[in-house]
Each structure stands twice: as C-alpha cells, then as structure tokens.
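There are 2 protein chains.
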Amino acid sequence: MKYLFVLLLAGLTAGAQIKKEELNLMPWPQTVAVNEGIFTLKRDFKVNIVGNPNPRIFGGVTRFLRRLDGRTGMFFEQGFISRLNEVPTAQLQINCTKSGKIGLYEDESYHLDIKQNQITINAVSDLGALHGLETLLQMLQNTSTSFYFPAAQISDFPRFTWRGLMIDAARHFQPIDVIKRNIDGLAAMKMNVFHWHLVDDQGWRIEMKKHPKLIELASDGLYYTQEEIKNIVKYADERGILIVPEIDVPGHGSAILTAYPEIGSKVITLKGGTAENNIQGSAIATYGIERNAGIFSPTLDPSNPKTYQLLSEIFDEVCPLFPGAYFHIGGDENEGKDWDANPKIQEFKKKNKLATNHELQTYFTMQLVPMLKKHGKQLMGWEEIMTKNMSKDAIIHSWRGPNEGMVAGQSLVDAVKKGYKTVLSNGYYIDLMYPVGSHYLNDPMPKDATLTADEKARILGGEATMWSELATASTIDSRIWPRTAAIAERLWSAEEVTDLASMRKRLDVISFRLEELGLTHIRNKAVILRNIANNQNIKSLNEFTNVCEPLKGYTRNKGGTEYQMYSPFTLFADACTSDAKDALGFDAVVNQYLAGKTPENKAKVTAYLNKWIAVNKGLIELSANAPLVQPILPLSKKLNDASQALLLVLDNKSTLKKDDLKRIIEDCNTKEDADVELAVYESLKKLI
Amino acid sequence: MKYLFVLLLAGLTAGAQIKKEELNLMPWPQTVAVNEGIFTLKRDFKVNIVGNPNPRIFGGVTRFLRRLDGRTGMFFEQGFISRLNEVPTAQLQINCTKSGKIGLYEDESYHLDIKQNQITINAVSDLGALHGLETLLQMLQNTSTSFYFPAAQISDFPRFTWRGLMIDAARHFQPIDVIKRNIDGLAAMKMNVFHWHLVDDQGWRIEMKKHPKLIELASDGLYYTQEEIKNIVKYADERGILIVPEIDVPGHGSAILTAYPEIGSKVITLKGGTAENNIQGSAIATYGIERNAGIFSPTLDPSNPKTYQLLSEIFDEVCPLFPGAYFHIGGDENEGKDWDANPKIQEFKKKNKLATNHELQTYFTMQLVPMLKKHGKQLMGWEEIMTKNMSKDAIIHSWRGPNEGMVAGQSLVDAVKKGYKTVLSNGYYIDLMYPVGSHYLNDPMPKDATLTADEKARILGGEATMWSELATASTIDSRIWPRTAAIAERLWSAEEVTDLASMRKRLDVISFRLEELGLTHIRNKAVILRNIANNQNIKSLNEFTNVCEPLKGYTRNKGGTEYQMYSPFTLFADACTSDAKDALGFDAVVNQYLAGKTPENKAKVTAYLNKWIAVNKGLIELSANAPLVQPILPLSKKLNDASQALLLVLDNKSTLKKDDLKRIIEDCNTKEDADVELAVYESLKKLI
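Residue numbers (full-length UniProt numbering), protein chains in the order written: chain A, 1 to 688; chain B, 1 to 688.
By construction, these hints were calculated from the structure, which means they are not laboratory data. Honestly, I wouldn't trust all of these hints.
To be verified - DSS-like mimics (lysine-lysine), calculated; alpha carbons at most 25 Å apart, straight line: (1) Lys337(B) <-> Lys388(B); (2) Lys505(A) <-> Lys552(A); (3) Lys581(A) <-> Lys539(B); (4) Lys686(B) <-> Lys653(B); (5) Lys234(B) <-> Lys180(A); (6) Lys388(B) <-> Lys234(A); (7) Lys230(A) <-> Lys209(B); (8) Lys558(B) <-> Lys602(B); (9) Lys210(B) <-> Lys230(A); (10) Lys617(A) <-> Lys539(B); (11) Lys180(B) <-> Lys230(A); (12) Lys597(A) <-> Lys539(A); (13) Lys213(A) <-> Lys374(B); (14) Lys558(B) <-> Lys337(B); (15) Lys539(B) <-> Lys604(A); (16) Lys209(A) <-> Lys230(B); (17) Lys539(B) <-> Lys539(A); (18) Lys456(A) <-> Lys505(A); (19) Lys230(B) <-> Lys234(A); (20) Lys266(A) <-> Lys344(A); (21) Lys337(A) <-> Lys353(A); (22) Lys456(B) <-> Lys392(B); (23) Lys558(B) <-> Lys42(A).
Said to hold, decoys possible - Part of the chain B face toward chain A, derived, beta carbon under 8 Å: (24) Asp44; (25) Arg71; (26) Thr145; (27) Ser146; (28) Ile176; (29) Arg530; (30) Leu628.
Where is the CB? At the ideal position from N, CA and C, for every residue including glycine.
Given these sequences and hints, build the entire structure.
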C-alpha cells in the first residue's frame with residue numbers, strides 16, 4: 001500500500017514535469033518555456049479582466065470558463081462575466097490595453113504566464129487575450145484525479161494576418177448552426193477570417209428585400225435572412241473573426257440569371273419564315289438553378305448597363321450587412337463561351353478596345369470597384385481577376401494549380417510582384433480529401449521565388465476552401481476538421497514548425513477537443529454508419545472506415561454529374577475521411593517488420609491482416625439485412641483476399657505464383673468501389 | 001449455387017409477406033391491413049401532388065424524398081418539388097382536398113394505399129398528407145439488396161387533437177437548431193403542438209424592441225430575436241405544428257423583475273433614526289436572474305396598475321409573432337410569500353374582496369384575458385389558474401401529481417367537469433427520467449372518473465414537458481427522445497394500443513430513424529463519454545451506461561442548488577438515459593434462469609456478470625488518466641462485487657453468509673454515486 005502511494009505521487013510529479021514536446025498546442029506558439037511547478041485547478045478558480053478591452057472579452061471569458069468546466073466537471077462558482085475588475089483576487093488575471101479591431105493587421109499577440117498560484121494573460125487587444133485563453137485551454141493537463149496547468153511562459157503572435165476558412169453555402173446550403181460552430185472552430189484555432197461563399201450556379205443565399213426574385217426563383221427557399229446574416233456577423237465579431245462575403249460574378253451566374261435572365265450573355269437566335277423569305281430574331285435565354293457540379297456557361301453580360309445597375313443595387317443592399325473592409329466578387333472560371341457567341345458583346349469589345357475576354361472581364365470587374373468603395377469595401381477576387389488594368393487595391397485570391405494547368409502558387413508570386421496583396425488557397429482545398437500533410441507543408445511564402453521584403457509583406461496569408469459539391473450540413477464538419485487546424489498552424493506558427501509526426505500527434509488531441517464546440521466531425525460518422533448498417537452493429541463498418549479514404553481530387557464526382565445537389569450523401573464514402581486512421585499505423589508496422597523480421601514484428605502485421613479478414617466477414621453478415629453495405633463488399637473482399645494471401649506469405653506457406661500474388665495485391669489499388677480507395681495498398685505492396 | 005438462389009428468393013418472398021406486427025410504425029395507425037405483394041423502390045421513383053393543398057406540401061414532399069433517398073442511397077431523379085401535378089405519371093400520388101389550418105380540430109386523417117405499382121395518399125388536408133408520408137417512411141422494408149414497401153392499406157386519424165411537446169428555453173437557453181430539429185421530431189411522430197416556455201426565473205428569451213431592458217438585463221445575451229421567432233413559427237407551420245408561446249406570470253418572476261423591479265411584490269422596509277425617533281420607509285427590492293432551480297418568491301404585484309400596463313405592452317409586441325390561437329401565461333407555483341408580506345397588496349385584496357391569494361391570482365389572470373383576446377388569443381395556464389372566477393375560455397394545463405401532494409390528473413377531471421378545456425402533462429414529465437412505460441400507459445382519458453361525452457371532448461390531449469434545469473443544448477435531445485415518441489403514440493393511437501413489448505420493439509427502430517432529422521439523442525452520448533474518458537477508448541464507459549440511469553424525479557438536483565444554470569452537464573449522468581439498455585435484457589435472462597436452471601440459461605446470466613466485472617476493470621484502467629471516471633468507480637465496484645459474489649452463488653461455490661451476500665447486493669441499491677443508479681439492482685436481488 002505504501003508502495004502504491006509512492007507510485008501515485010511519482011505519477012503526479014511526472015505530470016508536473018511535462019516536457020514542452022508533450023504539450024498538445026496547436027497552432028504551436030512562437031515561444032514556449034515550461035517551468036517547474038503546476039497550477040492546480042479548483043472549484044474556486046476565477047477570472048478577472050482589467051484594462052480597456054472590447055466587451056467581447058466578457059463573452060469570451062464566460063465561454064472559456066464553461067469549456068474548462070465541461071472538461072473538468074469542476075462546478076466553478078463563477079457564472080456569467082459582464083464587467084471589468086469583477087474579482088480582483090481571481091487566480092487568472094487578464095489585462096488588455098485596447099479594444100481589438102476586427103480586420104487585418106490588428107495586434108493579436110498575447111503573453112501567457114502560468115505560475116503556481118497565478119495565471120496572467122497580457123495582450124494589447126482583447127483579440128490577443130482570446131487567443132491566450134485558447135492556448136490556456138490547450139495547456140490543461142491531468143493526473144488520475146486532478147486537473148492542472150503546468151507552469152509556463154508563452155509569448156505568441158501570428159505569422160500571417162489572413163488565416164481563413166471559406167465555406168461554400170451555395171452548392172449545398174449550410175444552415176446557421178453549421179456556420180456558427182465552424183466559426184467557433186476557427187476561433188479555437190486562432191484563425192481570423194471566415195469567407196462566406198454565398199452565391200454560385202447552384203443558388204443565391206442572401207435574402208434580398210429590393211430584389212426578392214433572387215430568393216423566390218434562385219434559392220429553393222434555402223437562404224439566410226438579412227437578420228440571420230447580421231446575427232452571424234455579430235457572432236463572428238464576438239469571436240474575433242472577420243467575415244468576407246462573396247458574390248461570384250460574372251461567371252457562375254446560373255442562379256442570378258434564373259432570376260434576371262435579361263442580364264445574361266446567352267443569345268437565342270430565332271429562325272422562321274420560308275427558305276426564300278427567312279426571318280431572324282433573337283430572344284432572351286432562360287436559365288435554371290444548376291443541379292450538377294462543374295463549370296457552366298451562364299455569365300453576366302458585361303456590355304449591358306442593366307448588369308451594372310443590378311449589381312450596384314445588390315451591393316447597396318448587401319454591403320451594409322458586412323462591416324468588414326473586404327468584399328469578394330469571385331471572378332473565377334469564366335470561360336466566355338456565351339460572350340464569344342454574342343455579337344453585341346463582340347461589338348462592345350471592339351468599341352472599347354478590349355482585345356480578349358480576359359480584358360473584357362477586367363473591364364467588368366473595374367466597374368465593381370467604385371460600387372464597393374462607396375461602402376468602404378476593397379474588392380477581392382479569385383486570381384482570374386488579375387490583368388494589367390486591374391486596380392492595385394484588389395486582393396488576389398490565388399487558387400489554381402496543376403489541376404487547372406497552372407504552376408502551383410504562381411499567381412501568388414505574380415500578384416505580389418505586380419503590387420497586389422494576395423491570399424493563398426491553392427494547396428488548401430480541403431474538399432478534395434487530400435491528406436493533412438499536403439496542406440500542412442504548403443507554405444504561403446514561396447520557397448523558390450526571390451521576393452523583396454515589400455513583396456513578401458503583400459502575401460497576407462492563406463485560406464482553407466471548403467467547396468460543398470459533395471458536402472451537406474451533416475458531413476461538412478468532417479471535411480473541414482481536423483485538417484483545417486493543421487492549416488491554421490501553417491498560417492500562425494513559425495515557418496520552421498513542420499514536423500509531421502508532431503503535428504499528427506497534437507492534431508489527434510485537438511480534433512477531440514474541437515467536439516466541445518458542437519462540431520460534428522467525429523460524432524456524425526456513427527450516424528452515417530448506423531444508417532448504412534440498417535441499425536445493426538457498426539463495428540465492422542467502422543473498422544473498415546479506418547482503412548478507406550474517399551476518392552481524392554475531382555474523381556469522386558466524375559464530370560460533376562454523378563452527384564446532383566439533392567443526391568444522398570449518406571454513403572460509405574461520406575463516413576470516410578482523408579488520413580484513414582489505420583493507414584499510417586499499418587505502414588509503420590510493415591516497415592518495422594521489413595527492417596527486422598522478429599516474431600513480435602510479424603505479429604503486429606498479422607494482427608492487422610487478421611482484423612481485415614474479420615471485418616470482411618462482419619460486413620458480409622451485415623449485408624444480409626443492409627442493402628447499403630453491398631457496394632462495399634467487393635472492396636472488403638479485395639482486402640480480405642490480400643490479407644489471406646499475405647498471411648500465407650508471412651508464414652512461408654504461400655503456394656501462389658509471384659504474379660498471382662501481385663495481382664491480388666494490385667486488386668487493392670482500385671477506385672472502382674463505393675467511391676473510396678484503400679489507404680493501405682502501398683503498405684500491402686511492400687510485403688510481397 | 002442453385003440452392004443459394006432459391007434461398008435468396010425465399011428471403012425476398014419472406015420480406016414480401018411481412019406481418020402487421022412486424023411493422024415498426026409509431027404512432028400505431030387506427031387501421032392497418034397488410035396485403036400481398038410489394039412496391040419495389042427504384043431510382044425513377046417520383047411523387048405527384050394534386051388537389052388544393054397548402055403549399056407547405058411541396059417542402060414536405062421534397063424532405064420526404066430526401067429522407068427516403070438518404071436511407072436507401074437510391075439517387076432519386078426528382079429534386080425540388082414546387083408545383084401541383086408536376087409528374088402525372090408518378091408512382092406516388094398525393095391528393096389533398098384542402099389547405100390545412102394550423103391549430104386544433106383540423107382534419108389530420110389520411111388514407112395510405114400501397115399497391116404493387118402505385119402508392120396513393122388521400123387526405124382531406126395537407127396536414128393529413130404529411131402524416132401519411134411519415135407513415136410511408138416507416139413502412140420502408142428491405143431485402144439484402146433492395147428496398148420496398150409492403151402492399152398495405154392504412155386509414156388513420158388522431159385520437160386527441162392536442163399532441164404536444166413543451167421545451168423550456170428559459171432555464172437553459174436552447175438555440176434555434178435545437179428547436180428546429182425537435183420540431184422535425186414532432187412532425188415525424190405526428191405531433192402537432194410545440195409549447196415554447198420562453199420566460200422563467202432564469203431568463204427572458206424574447207427580443208423586446210419596446211422593452212429592451214428585458215433582454216439587456218434579464219437574458220445573459222441568450223435570447224431569440226423576433227425574426228428568429230418568426231422564422232421558427234414558419235418552420236413549424238411548414239411541418240404542421242402549432243406553436244404555443246409561454247410567458248410565465250405572476251410567479252417565476254425573477255427575470256422580469258430583474259428588468260422591472262418596480263412591479264415586484266417584495267417590500268423592503270427601511271429603518272433608521274434613533275430608538276426614540278425611529279424612521280420607517282420602504283423601497284423597491286432589487287432582483288437578479290436566478291441561477292438555481294426551484295420555486296422562488298419573486299412575483300409580480302397584482303395590485304400595481306403598472307404591472308398590467310407592462311404586460312399589456314409585452315403582449316402587444318409578442319402576440320403578433322405567433323399566429324396561433326393560444327397563449328400560455330404560466331401561472332404556476334406562486335406561493336404568495338411576497339404578497340403576504342406586502343401591506344399594500346393585503347389592502348388591495350381586502351378592497352377587492354379577494355379572500356385568498358388564489359383569488360388574487362385569478363383577479364390578476366383575468367386582467368390578461370382581454371389583453372390576449374385583443375390579439376385573437378385564448379389564454380392557457382397551468383392548473384393553478386383554475387378557480388371559480390376563472391374564464392371558461394381558459395385552457396387548463398394539468399400538471400400536478402403526488403409529488404406536489406395532489407392526486408394525479410385530478411385537476412384534469414375537475415377542469416372538464418367545470419367546463420374547461422384541458423391538456424394533460426402530469427405523467428409526461430420527461431425531464432424527470434422516468435421509464436418510457438410509465439409515460440406510455442398514462443392516458444389523458446381518466447379511467448376512474450365517470451365523464452359525459454361533452455366532458456370527455458374537453459380533454460384535448462396531452463403534452464410532454466421538457467424542463468431544462470438539468471438539460472443543455474447538447475443533452476436535451478436524449479431527454480426528449482425516444483420517450484416522446486411513445487407519448488405521441490399514446491396521444492394519437494387507439495386507447496387499447498398499450499402493449500409495452502410491442503412499443504419497446506418499435507421504439508428502438510423509431511429512435512434510430514429519428515437520427516436522420518439531426519436529433520442528437522444517440523450521437524451525443526459518445527461525445528460526453530469521450531470527454532469523460534479523456535480521449536481514451538470509451539467501450540467500458542459505454543457498457544456501463546447500459547446499466548446506469550440518471551437519478552429520477554427531483555433527486556439529482558438536491559434542493560435545486562447542486563446544479564446552477566452554468567454548471568457542467570458533461571458528466572456520466574448526462575450520458576445516461578432512462579430505460580438503461582441492458583436492464584430489461586438482464587431481467588429477462590434472470591427470470592428465464594430462475595424458471596429453468598439449465599446450463600444455457602445460466603450462461604446467459606453469467607455472460608452479463610462477467611461483462612460487468614470486465615467493465616469495472618476497464619473503468620479502473622481508464623481512470624488512471626481520466627479524473628472524470630473517478631466518481632463512477634465506487635458504483636462500478638459495487639456492481640463488480642455483486643457480480644463476483646453471484647458468479648460463485650451460481651456455481652454453488654459461495655462461502656459468503658446469506659447476510660453478507662445480501663449486503664453486497666444491497667450496496668447496489670444506491671443513489672450515492674455519480675448521480676446515477678444501477679438499473680439492474682432488482683434483477684440482481686432475484687438471484688440471491
């Protein structure tokens with residue numbers, strides 16, 4: 001008994017001497033020094049705020065207390081905090097010099113000092129203090145019976161001023177609660193920009209009082225009221241987040257043109273009469289809300305004064321909803337097909353000496369600059385808006401890469417060299433289901449280009465983009481998180497913080513903690529699997545998600561027509577995520593085994609193989625009463641067959657010819673089944 | 001191979017010959033006839049609507065299609081439905097004679113006819129048609145590879161016209177998405193009333209433009225904007241749900257009086273001067289938002305004209321938000337302490353010949369009747385509003401029972417005998433965590449009382465009440481569902497539908513299906529357990545939730561002071577629910593074993609006991625790195641000890657004295673640990 005007591009104490013002390021590398025902080029702060037000693041949390045833990053912060057700090061601290069209380073079950077005595085210097089003797093003292101301004105270039109730094117009996121957060125602005133509170137939450141440690149913060153000093157500030165997430169609420173409408181919980185996620189990850197993609201071919205999502213047709217005809221009833229938008233803007237402000245709205249023009253215009261076909265570029269030629277006396281005329285084309293994914297031709301007519309009148313009126317109504325200084329007008333993927341086919345537009349080009357469609361689009365975009373300036377807004381657009389005549393005030397959103405036939409990040413370098421400010425999204429397309437490591441190592445600061453200090457300063461930061469062709473309110477969180485946390489680290493932390501293993505270890509814990517904000521990236525997987533399993537046990541299905549990843553890039557939605565915006569997203573691929581949980585672990589044990597073929601190392605490999613054989617059996621059993629399991633069976637059979645073959649190989653009992661074995665393994669390298677791929681194929685191959 | 005084919009066909013045929021009892025319908029329809037044959041679902045499945053329905057049917061059918069598509073993964077071709085007779089050849093034909101009116105006594109009947117190639121829903125109103133679509137969704141069956149509806153004829157209508165759920169958004173504020181998804185749950189269960197408890201001691205939750213103090217001082221910033229309320233009303237209307245708002249007066253007044261202390265009843269006597277020359281005066285008391293649960297004294301002053309002026313202005317602002325014909329004014333639990341102590345109020349009573357506080361309250365309530373009538377609203381109140389002078393137009397909400405020293409449902413009988421219409425909530429207090437069976441067998445129609453047909457007709461129905469002292473947005477769904485579905489059946493189905501086993505079997509499936517509406521009653525359990533487990537494996541914790549139930553009645557929150565409104569609800573008790581999953585199963589195998597002590601029957605019992613020993617071991621392991629597991633260990637140890645002792649007993653190897661064994665089992669009968677109780681105690685006892 002005495003011995004046990006000593007052990008427990010030892011455990012406690014070990015806790016107190018936590019090493020810097022053991023902390024699960026994300027984004028990793030600029031400087032961290034762990035000291036001796038701990039601050040033990042007790043029920044009487046209280047917070048006091050002094051200085052001149054924005055009142056948003058009160059809500060921020062109240063939420064901090066509730067989250068800490070939820071994690072620890074402590075029943076803190078302090079409830080709602082609503083004024084300065086409420087508890088001068090509180091253990092946590094927060095001091096902010098000034099009210100933080102929502103926008104770029106604000107001082108977001110903080111200094112967190114944890115001592116044995118006192119914690120202080122000093123920050124210039126309350127925005128920095130909110131970041132400090134997030135770091136403090138991440139510092140929470142525990143013994144077997146208590147919670148504590150290790151003594152430490154942390155000084156921190158962001159590397160880039162633009163750390164954003166875009167959510168596409170046009171293709172699949174995303175209800176208010178999706179937006180809110182993701183804004184909470186951004187704040188927890190010290191991000192500061194929410195880019196709200198509100199209009200696209202698939203819908204117009206902003207209530208318009210002066211142009212109700214946009215809602216009546218082009219939203220399917222799925223839109224945000226103006227009051228809801230104001231409410232979200234306030235919610236974001238309270239969390240230190242700037243909202244940048246986007247209305248995508250002149251391309252991606254199906255929804256706008258469904259309501260206002262008269263400003264479309266398409267020409268309908270009417271032919272009639274007889275062969276001798278033929279009559280020709282033209283008519284306004286009609287448009288419909290787009291139901292598929294892809295690039296479509298509906299485009300606003302840049303030669304029509306009505307186009308500018310409507311846009312001006314739209315901006316007059318929409319701009320006041322968003323107090324931020326930036327407005328995104330899209331401008332991407334206009335292929336100009338309808339422009340080329342429209343004689344009136346061709347004539348307009350000639351008259352205005354616009355040699356190319358690109359120049360015509362610049363002409364168009366330049367008309368929007370004063371409309372936005374009138375409301376104190378700077379124009380931002382996808383990289384296509386950048387041409388020689390484009391205003392240098394515009395912010396260039398760099399997005400294209402090899403998939404679009406471009407050098408990754410080239411437009412970013414071009415932009416800063418030409419004097420534009422720019423934000424990087426190429427490499428941060430989280431909807432494409434690429435592994436977290438690829439996003440993490442994608443630095444906004446180009447490694448190869450030689451840039452001056454001024455040019456570098458014009459690289460504002462980056463933005464994760466969550467396009468929603470294949471994501472509904474139920475699945476979108478699992479596409480955004482946890483990978484966006486790794487992107488947040490790239491944008492906040494020092495350039496040399498690039499250790500993948502450390503990032504993955506910390507990301508596991510961060511992902512778990514993000515649940516407390518209501519994010520559904522973990523919990524909704526079981527919901528999808530229960531539906532697939534037809535309310536039977538989901539164990540085998542869940543195990544199988546640990547080796548399957550949704551098809552990457554644009555391959556899942558072949559040509560954009562397999563999934564309509566109203567297709568079911570309750571399928572196996574929707575339960576799977578990138579970075580399948582067992583893939584790395586299996587690869588590690590395979591490598592270990594190949595490096596040293598001990599019985600222990602072999603056992604680790606065979607444990608996986610036997611598990612997958614059992615999973616296949618389990619899935620077959622499930623499928624007897626679950627039609628949605630059927631599409632998965634061929635794939636699980638392939639993994640089963642490979643596993644069985646490899647077990648024999650490992651036991652030196654295989655009677656297969658080398659080529660047959662190869663074929664069995666190669667069968668696992670497939671994109672044919674259930675819109676997923678096996679994430680363990682490369683590792684299996686190593687075992688041949 | 002031929003044999004397998006025959007077997008598969010047999011399976012299919014078996015599916016086609018589903019028996020009525022196998023259907024998982026809830027609420028059970030008035031008449032169900034299953035016929036031979038099936039309607040097989042295919043991708044080209046489409047719906048057509050004819051007649052004169054309210055346009056809400058279009059959204060209803062679109063949602064029906066998406067839900068069916070989500071369950072089946074069929075990729076139906078039909079997207080958004082927006083007009084009548086869109087696809088005359090569609091397989092599902094819906095015909096409604098007229099536009100349904102949201103409110104009581106509307107015709108909600110429907111007739112569903114499933115034939116091999118055609119399904120029809122005939123209904124007088126679209127409200128009936130929406131019910132029919134819910135039934136059709138519940139009719140969905142599957143083979144191993146396909147989905148189908150069995151041929152059937154169903155005629156259905158509700159037994160009671162008031163089938164409600166109350167959610168208390170005052171004690172714990174419940175965000176919009178909680179309200180919306182629960183309204184979807186109500187619609188799925190053919191319920192038609194959502195009673196929104198918006199004001200109580202703990203907060204005022206309605207944005208007030210003319211009286212902003214109510215929000216500024218009495219809401220902690222947690223309230224619904226008027227636009228949000230209108231939005232919810234519209235959302236409910238689209239789903240056939242009437243909203244009945246509640247502002248609870250004159251008791252439960254802490255929040256109102258925090259903003260308007262001048263209309264409170266409390267008297268502060270000021271004393272000063274000297275013993276010889278004493279000075280007395282009175283002052284207005286100050287009030288604060290209540291943070292605890294319980295019955296508190298802050299009460300509006302019924303003798304003060306300002307009280308009525310304020311209430312009248314409040315109703316003028318709030319009534320137009322709710323188009324429904326009923327307004328609930330609370331009126332419960334006014335103990336009159338502050339009235340008794342207030343000389344001015346005593347004088348007022350005398351002057352107005354009001355003998356008791358009860359008569360005084362009636363005086364008060366009667367002043368509200370014309371304020372509401374002005375807006376076309378009928379007054380509803382908790383049963384305390386009923387006195388001899390109360391208007392017969394008022395609806396009496398019967399809620400008290402033995403816990404309040406009353407005979408259960410007595411006020412209901414009293415009310416109808418006196419000529420009032422009434423709604424039953426006694427017996428439907430789902431926040432108290434009683435088993436589903438107790439609610440299910442609680443019929444609004446009293447069994448003992450002799451009532452005339454007219455009196456019976458005045459029993460409008462019933463309402464599940466979800467008070468939120470102990471429920472946050474994260475946990476409230478698991479308190480409401482699935483038990484409210486059983487209450488829905490009580491209120492809709494025929495009186496004689498009372499088979500508990502059938503209800504439980506169907507409820508399992510219904511509960512699973514409710515997930516598709518976004519309800520979190522299943523998924524959020526794992527979230528709480530992951531937090532308790534500190535991100536370790538939750539298997540043991542989850543197993544333990546299967547034998548633990550939260551303390552019932554008012555015992556968890558002893559005296560209302562253990563949990564404040566800002567306390568953590570992330571504890572083990574919050575992950576547990578009533579009707580612990582393993583309790584019934586274990587009781588069944590114990591009974592089986594006692595009836596026949598075969599090795600097989602014994603093995604079934606020992607499997608449970610061994611599981612609980614393993615669970616205890618698992619929890620101890622978890623607790624090494626999870627402080628929140630610690631409070632559970634004493635209880636799991638008790639179950640472990642009882643299990644070990646009983647294993648020996650079953651093996652005839654026990655060396656314990658009878659009394660010692662009894663004590664070990666009796667230790668399992670405890671409410672001391674972690675706010676839960678062991679649901680298997682009674683069954684364990686049987687094994688001694």
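Each hint tested on the structure:
With a C-alpha separation of about 22 Å, the suggested pairing of lysine 337(B) with lysine 388(B) holds against the 25 Å cut-off. A C-alpha spacing of about 23 Å is found between lysine 505(A) and lysine 552(A), which places the hinted pair at or below 25 Å, so the restraint holds. Note on lysine 581(A) and lysine 539(B): the hinted pairing holds, with a Cα-Cα distance of about 18 Å set against a maximum of 25 Å. Only pairs whose Cα atoms come within 25 Å are accepted, and lysine 686(B) paired with lysine 653(B) is accepted, the gap being roughly 18 Å.
Distance restraint check for lysine 234(B) and lysine 180(A): the Cα-Cα separation of roughly 22 Å lies within the 25 Å cut-off, and the hinted pair is therefore satisfied. In summary, the hint linking lysine 388(B) to lysine 234(A) is not supported, as the alpha carbons are separated by about 50 Å, beyond the 25 Å threshold. A distance of roughly 17 Å separates the Cα atoms of lysine 230(A) and lysine 209(B); the hinted pair therefore holds under the 25 Å criterion. With a C-alpha separation of about 40 Å, the suggested pair lysine 558(B) and lysine 602(B) falls outside the 25 Å cut-off, and the hint is violated.
Distance hint between lysine 210(B) and lysine 230(A) is fulfilled; the C-alpha atoms sit about 20 Å from each other, no more than 25 Å. Between lysine 617(A) and lysine 539(B) the alpha-carbon distance is near 22 Å, which keeps this suggested pair within the 25 Å criterion. The suggested pairing of lysine 180(B) with lysine 230(A) holds, with an alpha-carbon distance near 20 Å, which does not exceed 25 Å. At roughly 31 Å between alpha-carbon atoms, lysine 597(A) and lysine 539(A) are farther apart than 25 Å, so this suggested pair is violated.
With a C-alpha separation of about 36 Å, the suggested pairing of lysine 213(A) with lysine 374(B) is violated against the 25 Å cut-off. Between lysine 558(B) and lysine 337(B) the CA atoms are separated by roughly 22 Å; this keeps the pair inside 25 Å, and the hint holds. At most 25 Å may separate the alpha-carbon atoms for a hinted pair to count; lysine 539(B) and lysine 604(A) meet this at roughly 22 Å. Note on lysine 209(A) and lysine 230(B): the hinted pairing holds, with a Cα-Cα distance of about 17 Å set against a maximum of 25 Å.
Between lysine 539(B) and lysine 539(A), the direct Cα distance comes to roughly 12 Å. Compliance with the 25 Å bound is thereby established for this hinted pair. For the hint linking lysine 456(A) to lysine 505(A), the alpha-carbon distance of about 31 Å lies beyond 25 Å, and the restraint is violated. With a C-alpha separation of about 20 Å, the suggested pair lysine 230(B) and lysine 234(A) falls inside the 25 Å cut-off, and the hint holds. For the proposed pair lysine 266(A) and lysine 344(A), the alpha carbon gap of about 11 Å is at most 25 Å, so the pair holds.
Annotation: proposed proximity of lysine 337(A) to lysine 353(A) holds, straight-line Cα distance about 19 Å (limit 25 Å). The straight-line distance between the Cα atoms of lysine 456(B) and lysine 392(B) is roughly 16 Å, inside the 25 Å bound, and the hint therefore holds. Note on lysine 558(B) and lysine 42(A): the hinted pairing holds, with a Cα-Cα distance of about 22 Å set against a maximum of 25 Å. Checking aspartate 44(B) against chain A by beta carbon gives a least distance of about 14 Å; that is not within 8 Å, so the hint is violated.
For arginine 71(B), the shortest C-beta to C-beta distance to chain A is roughly 6 Å, which falls under 8 Å, so the interface hint holds. Hint status for threonine 145(B) relative to chain A: holds, with the closest Cβ pair at about 5 Å, below 8 Å. Residue-level restraint check for serine 146(B) holds (minimum Cβ-Cβ distance to chain A is 6 Å; threshold 8 Å). Against a cut-off of 8 Å between C-beta atoms, the interface hint on isoleucine 176(B) holds, since the closest Cβ of chain A lies about 7 Å away.
Interface hint at arginine 530(B): satisfied, since its Cβ lies 6 Å from the closest Cβ of chain A, which is below the 8 Å cut-off. The beta carbon of leucine 628(B) is positioned within 8 Å of a beta carbon in chain A (closest approach about 5 Å), and the interface hint is therefore held.
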